[in-house]
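Chains as they are written, first to last, in this note's numbering: chain V, 255 to 353; chain A, 255 to 353.
Please keep in mind that the hints were generated in silico from the structure rather than gathered at the bench.
Where hints are given, some of them may not hold.
Since the list gives no way to pick one copy over another, a pair counts as held whenever it fits inside one copy or between any two copies.
[Stated by the list, open to error] Taking lysine-lysine and the BS3-like style, the derived pairs with C-alpha atoms no more than 27 Å apart in a straight line are: (1) LYS327 <-> LYS273; (2) LYS348 <-> LYS310; (3) LYS317 <-> LYS327; (4) LYS327 <-> LYS259.
Protein chains: 2
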Amino acid sequence: MAMNKEIEKEFLEKAELFKALAHPTRLFIIHAVKDKSMSVKELSEIVGIDISTMSKHLDILKKHKIIEGEKVKNFIYYRLAIPCVLNFMSCAIKVIGKK
Amino acid sequence: MAMNKEIEKEFLEKAELFKALAHPTRLFIIHAVKDKSMSVKELSEIVGIDISTMSKHLDILKKHKIIEGEKVKNFIYYRLAIPCVLNFMSCAIKVIGKK
DNA sequence: TTGTTAATTGGCAAAAAGGCCAAATAGAAT
DNA sequence: ATTCTATTTGGCCTTTTTGCCAATTAACAA
């Protein structure tokens, strides 16, 4: 058991993914766009934050390929790209439940 | 689809869990103690950080009941308390792999 | 008791993350 | 072309996180 460069890189990469998920607004986004794609404006209004802030949250998820956007007219509709992350959520509930 | 207080609280709680996991050192700890319990000093030496820093990382995981410690002599041996979080890891690999 | 080792805690400074405003872009609509 | 509307980007400030050191606590050892 040692912390070599390979392992270090692996955990660094994983931590980045967890960081992308470690914000209530971003978890809400995932929940919101899992069935129905939504625009930046819609999402910002529902959550009640500035649209620029929402845009940045979406960018973080997009960079990790967790969501993807499709341009329609001058809107961009975002939807969940990796349904796999929903398993994270159900697992999270189990973990929280055990406390 | 709305961001009411109930949902807000749910995502806040989940985000806290993800935050606890969102650090390479803490992910390494989980990996390290999943089969074999280890002391604070051992872990700090393997990772190469100050023992006080390691103690604080362990405290974060302990507060979320992800790990638990057992006192033997004047050592505290930590081990994984919730094997369920390992599913997070394998799922994370899948998500990262899709990029 | 005295000394040694393990672990935690407090404090501080550096780094990272979050959120708003304002400005810039990009399109659509008129 | 001009005006709106949606989104992104830059800047700035505030909050949070991280990590070291120093001091403290706790428990074993002699």
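Comparing the hints with the structure gives:
In this homomeric assembly, LYS327 and LYS273 never come within 27 Å of each other (Cα to Cα): the closest approach is 32 Å inside a single copy and 37 Å across copies. With identical chains, the CA atoms of LYS348 and LYS310 are at most 27 Å apart between copies only, with a shortest distance of 25 Å across copies and 30 Å within one. Taking the shortest alpha-carbon separations for LYS317 and LYS327, only the intra-copy value of 23 Å comes in at or below 27 Å, while the best inter-copy value is 48 Å. Proximity of LYS327 to LYS259 under the C-alpha cut-off of 27 Å is found in neither arrangement, the shortest distances being 47 Å within a copy and 33 Å between copies.
Hint violations for this structure: numbers 1, 4, all remaining hints satisfied.
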